[in-house]
Amino acid sequence: MKSVVPLAKARDDAIFGSKAVGLGQAARGGLPLPPGVALSGSIVEAVAGGEERAIRKVTRCVRPLGSPLAVRSSAVDEDGAEASFAGQHLTLLGVQSSEVVSEAVREIWWSANSDSAITYRQRSNLFVRPSVGVVVQALLDPEVAGVMFTQNPITGVDERVIEASWGLGEVVVAGRVIPDHFRVARSGEVLERTPGAKKVAVRTLPDGGTAEEQVAPELVERLCLDEGQLAELNRLADRCEEVYGPARDIEWAIAGGELYLLQCRAVTRAGSSR
Amino acid sequence: MPGIPVDVLRRVPLFADLSKREAQQIARLFKERRFAEGETVVREGSGGAAFFFIDSGEATVSVAGKPRTPLKPGDYFGEIALIDEGARTATITALSELVCYGLTYWDFRPLVQKNGAIGWKLLQSLAKNLRVAQQGE
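Chains as they are written, first to last, in this note's numbering: chain A, 1 to 274; chain B, 1 to 137.
In case anyone wonders, no lab produced these hints; they're calculated from the structure. Incorrect hints may have been included.
To be verified - If you want the footprint, here are the derived chain A segments under chain B, 3+ residues with CB under 8 angstroms:
no. : stretch
1   : 205-216
2   : 254-264
Said to hold, decoys possible - Pulled a few chain A residues facing chain B out of the computed Cβ check, cut under 10 angstroms:
no. : residue
3   : 103
4   : 118
5   : 119
6   : 121
7   : 123
8   : 125
9   : 128
10  : 188
11  : 193
12  : 244
13  : 245
Just so we're clear, the structure is a prediction, and the values are computed from it rather than from any experiment. The C-beta atom is built at its ideal place from N, Cα and C for all residues, glycine as well.
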């Protein structure tokens, strides 16, 4: 089925992939997502193959999201494969406009069909034809972003563990900074605030792409979340657990003063995988 | 129009004996793929997922660290991987922005499995190549 749907209508893993369906669940649960659409594996295949009609459809459906855009793979695969393929399948941040989304979609298709992906499949006994859905969302230009575990992933204690840094959360996920570290009780009481060393930040550029920049010296060790923002994150953790169940691994961002959920998945092991 | 021109495909010995119609079925399965300057296109020893034609740009080739003749537009590589999904025998790196057209193992296999005539011609072509290789030993 060559379809492009709003995230809230992405319901079937076999059509849109697990990431899109996870975000669809969030959208239906009223969680604060950046606006976005899900592309089925079939339309991704058609766009990668240069089918004009499919390219026009994707361009038209993506245009209302504005720019820049985040274009992410959403594996349509074997059970739970999204996590294990996280390193193989591509995410493209800062895609300039709807007009060039088809190029990003084609790159993502190839990332699922690359030599490294086939080698991984051979080694993992998953030697079947890959199919990949795509999620396209408005790319935020966050003041602060990071990750949050709704239960401590190391100790198992029932408390929120939050890691945060300036700009896009990629610096936290990729280990490019020592993020600020917070622990928050379910009651909202802040149990720990440990400043990190946030020397770099990745920003969204207005004309597309992202750029790494040095953080001003006075901000490197200044906490990037205040009391109110920690309380909001605690509420987001509550709502994510209501929608998805306990023990979640969340990526979030604060842009224009608003808190957004970027991704929510089950904690699979200490630190989880992305 | 998706895919690559049929006459381009038929320049490859493996596909040279296919009829125009048969070649068309394969040619339209090709998808464009771009590599940035300096990007590794394929790495020696890695599993091979696709067969590529170079449409524009140039690429360096090395085997066991030793340079070989660079690739240019019209050159191709990896066709045997379509059949045996075997390991790459060279490392190829884009020397400039490289635009290729690629056909994956997974797109190619179902077509051959459904079409015995194409399969038979490919088998003959492989046998011909094998004889040439044996005579060269």
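Right, here's what the structure says about each hint:
no., hint, result
1, 205-216, "violated (count 0)"
2, 254-264, "violated (count 0)"
3, 103, "8 angstroms, holds"
4, 118, "4 angstroms, holds"
5, 119, "4 angstroms, holds"
6, 121, "8 angstroms, holds"
7, 123, "8 angstroms, holds"
8, 125, "13 angstroms, violated"
9, 128, "8 angstroms, holds"
10, 188, "47 angstroms, violated"
11, 193, "42 angstroms, violated"
12, 244, "33 angstroms, violated"
13, 245, "35 angstroms, violated"
Checked against the numbered hints above, the structure breaks hints 1, 2, 8, 10, 11, 12, 13 and satisfies the rest.
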